[in-house]
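Asks: In case you want the letters, here they are:
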Amino acid sequence: MSPGPGTEDRPEWTADEMMTVAASRQLRDGTACFVGIGLPSTAANLARATHAPNLVLIYESGCLGAKPDRLPLSIGDGILADTAESVVSVPEVFNYWLQPGRIDVGFLGAAQLDRLGNLNTTVIGGSYEDPKVRLPGAGGAPEIAASCREVVVVVRQTPRTFVDTVDFVTSVGYGRGPGDRERLGLRGGGPRLVITDLGVLEPDPDSLELTLTRLHPGATVAQARAATGWPLAVSDDLVTSDPPTDVELTALRALTATLGARA
Amino acid sequence: MARIVSLADGIAELVSDGDVVALEGFTHLIPFAAGHEIIRQGRRDLTLVRMTPDVIYDQLIGMGCASHLVFSWGGNPGVGSLHRFRDAVQNSWPTRLELEEHSHAGMANRYVAGASGLPFAVLRGYTGTDLPRHTPNIKAISCPFTGELLTAVPALRPDVTVVHAQRADRAGNVQLWGITGVQKEAVLAAHRSLVTVEEVVDRLEPVPGQVILPSWVVTAVAEVPGGSHPSYAQGYSVRDNDFYVGWDEISRDRDTFRQWMERHVLEVGELE
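As given, the protein sequences belong to chains L and X, one line each in that order. Residue numbers for the first sequence follow numbering that gives the first Met the number 0, so the first one is 0 and each next one is one higher. Residue numbers for the second sequence follow numbering that gives the first Met the number 0, so the first one is 0 and each next one is one higher.
Hints listed in this document are in silico derivations from the structure and should not be mistaken for laboratory results. Among the clues, some could well be false.
[Unchecked claim] Under 8 Å between C-beta atoms, here's a sample of chain X residues computed to sit facing chain L:
#1 S66
#2 S71
#3 H82
#4 R85
#5 E100
#6 N108
#7 G124
#8 G127
#9 T128
#10 C142
#11 P143
#12 G146
#13 I178
#14 V181
#15 Q209
[Claimed, not checked] Far from chain X by the CB rule (all over 10 Å, computed), these chain L residues:
#16 D15
#17 T30
#18 G61
#19 G64
#20 T82
#21 A137
#22 L183
#23 L214
#24 D235
#25 L248
#26 A253
Predicted model only: the values in this text are computed from it and were never measured. The beta carbon of each residue, even a glycine, is placed where N, CA and C say it ideally should be.
Starting from the given sequences, assemble the full structure and let the hints guide the process.
Replies: Written as structure tokens, this is what we have:
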């Protein structure tokens, strides 16, 4: 993990903290966000604790408008039900809330991602029947990717993750390119941002290819290229992310401290 | 009318080798004790069905109870991978495990169709993914009114569904609340059902957000206090997060796993 600015052995923040802060900044107050566990959940709860107190968190366990005061370990942690505006069945979450396009932002992670934002959480290597690595599978991701107004992907940038071709399309980004989402009948807008520990990628307006538009402080284009399994396009208007503020870091560390039981 | 039975009798009567069995629970109210009883009774060749096979399915798979798994997300929630599930898929240990893989929306709708007495469900999903290529039970269908291309999935009708709930009365009416997942749909979709409960009471006090499964849709009820541990039963117990984290280490190695199962499941009788 590359440290944020500071001295060599005492970083002021970690790359993961920068990634989580960058993700939380993307969540606008008052919007509805479909939250997965892990980094997305941390980022969404950080947003609630800082600039977006009225962010509506929706967990696929059926908790709508959850307001946990500590990080949940899982999407079905009792604190989500205890603090939710409403707890509904799982069929209801998917059929009434997600499928019709009522959710503004879907937050997704992935084991593999390609240059058009297609995501794999199913198998890596070998064949589907006889894979090298069996991953958890789809869960809610295919429909989140299909139906949320926009998708934000949060994932660490490595050559193993950022691959030329995903081994399995679990969730569709831009498919094979412009026009593909429309042809497939996917109503949501697709991946608007990919936030990593090195920077931020956004789809090129014409080709939809993920392009590096932002570097986190301390990260370099060479580092980002080395961590990407395709020739990474870099925006002419490449900018540097604002470093985490004291307020953001304090809130984030207070939140992660609540997750004592996690490995 | 549901009969009140012991856990051992309920499993012996309702779960047979080769059955399609759903033990549902969405993080909350997972029927661990019932799963352990299935392992103790040595059931084989089961088709296990569940949206989120987690630690209890890792245990059933690792102990060789299952030949097929129908699912949408197999992991240790908030922790990582299921090592026994992975070992079965990647190395056929202890036996080969065939997969039928869906998304959550697909699985939820398969139960809804089963509970609704319909042959299939329609959803807007799966298009553009590789899932339909590997799962024959996902088909394209066009809307008869607009021609829009949608997806159909067949109804899921388990031979038996097992769920855990907070309580039942002596007539076998079951009350559950909190995160209710797909438990109601899974019970209504099944041919037979077993509900383990924290307690059997004389009278069910109404609770906000409760789901009632009336006695006449449930086959049997067994009183099993703590039957969802290490998951939780809202109002009765909290989730044992340390267990889920610890399972990662226990399940990583085949021998360690076997020893743990012998000590904590096989050598332990029914929780009573």
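Asks: Against each hint, give a clear statement of whether it holds in the structure.
Replies: Each hint tested on the structure:
1. A cut of 8 Å between beta carbons decides the hint on S66(X): the least distance to chain L is about 15 Å, and the hint is violated.
2. The beta carbon of S71(X) is positioned within 8 Å of a beta carbon in chain L (closest approach about 6 Å), and the interface hint is therefore held.
3. Against a cut-off of 8 Å between C-beta atoms, the interface hint on H82(X) is violated, since the closest Cβ of chain L lies about 10 Å away.
4. With a cut of 8 Å, the hint placing R85(X) at the interface with chain L holds, because the nearest CB-to-CB distance is about 5 Å.
5. Interface restraint check: E100(X) against chain L, minimum CB-CB distance 6 Å, threshold 8 Å, status holds.
6. Using the Cβ-Cβ criterion of 8 Å, the hint placing N108(X) at the interface with chain L is satisfied: the shortest such distance is roughly 7 Å.
7. For G124(X), the suggested interface contact is upheld, since its CB lies about 5 Å from the closest CB of chain L, less than 8 Å.
8. Among the interface hints, the one on G127(X) holds; its C-beta lies about 4 Å from the nearest C-beta in chain L, closer than the 8 Å criterion.
9. The beta carbon of T128(X) comes within 5 Å of a beta carbon in chain L, closer than 8 Å, and the hint placing it at the interface holds.
10. A distance limit of 8 Å between C-beta atoms decides the matter here; for C142(X) the minimum to chain L is near 11 Å, and the interface restraint is violated.
11. Checking P143(X) against chain L by beta carbon gives a least distance of about 16 Å; that is not within 8 Å, so the hint is violated.
12. At about 11 Å, the closest approach between the beta carbon of G146(X) and any beta carbon in chain L exceeds 8 Å, and the interface hint on this residue is violated.
13. Because the beta carbon of I178(X) sits about 5 Å from the nearest beta carbon in chain L, less than 8 Å, this interface hint is met.
14. Given hint, V181(X) at the interface with chain L, holds; its Cβ is 5 Å from that chain's nearest Cβ, closer than 8 Å.
15. Taking 8 Å as the C-beta cut-off, the interface hint given for Q209(X) is violated, the closest approach to chain L being about 11 Å.
16. No Cβ of chain X approaches the Cβ of D15(L) within 10 Å, the least distance being about 16 Å, so the stated non-interface status holds.
17. At roughly 22 Å from the closest C-beta of chain X, the C-beta of T30(L) stays outside 10 Å, upholding its exclusion from the interface.
18. A Cβ of chain X approaches the Cβ of G61(L) within 10 Å, the least distance being about 6 Å, so the stated non-interface status is violated.
19. With a closest Cβ-Cβ approach of about 14 Å to chain X, G64(L) is found to remain outside the 10 Å limit, as its non-interface label requires.
20. Chain X leaves T82(L) outside its interface by the beta-carbon criterion, the shortest separation being 12 Å against a cut-off of 10 Å.
21. With a cut of 10 Å on Cβ distances, A137(L) falls inside the contact zone with chain X, its closest approach being about 4 Å.
22. Not every Cβ of chain X is farther than 10 Å from the Cβ of L183(L); the closest lies at roughly 4 Å, contradicting the non-interface assignment.
23. At roughly 30 Å, the least C-beta separation between L214(L) and chain X is larger than 10 Å, which holds for a residue marked as non-interface.
24. Residue placement check: D235(L) keeps its beta carbon more than 10 Å from all beta carbons of chain X (closest about 31 Å).
25. Here L248(L) stays apart from chain X, with its beta-carbon at least about 23 Å from theirs, past the 10 Å limit.
26. A253(L), annotated as away from the interface, keeps every beta carbon of chain X farther than 10 Å; the closest lies near 19 Å.
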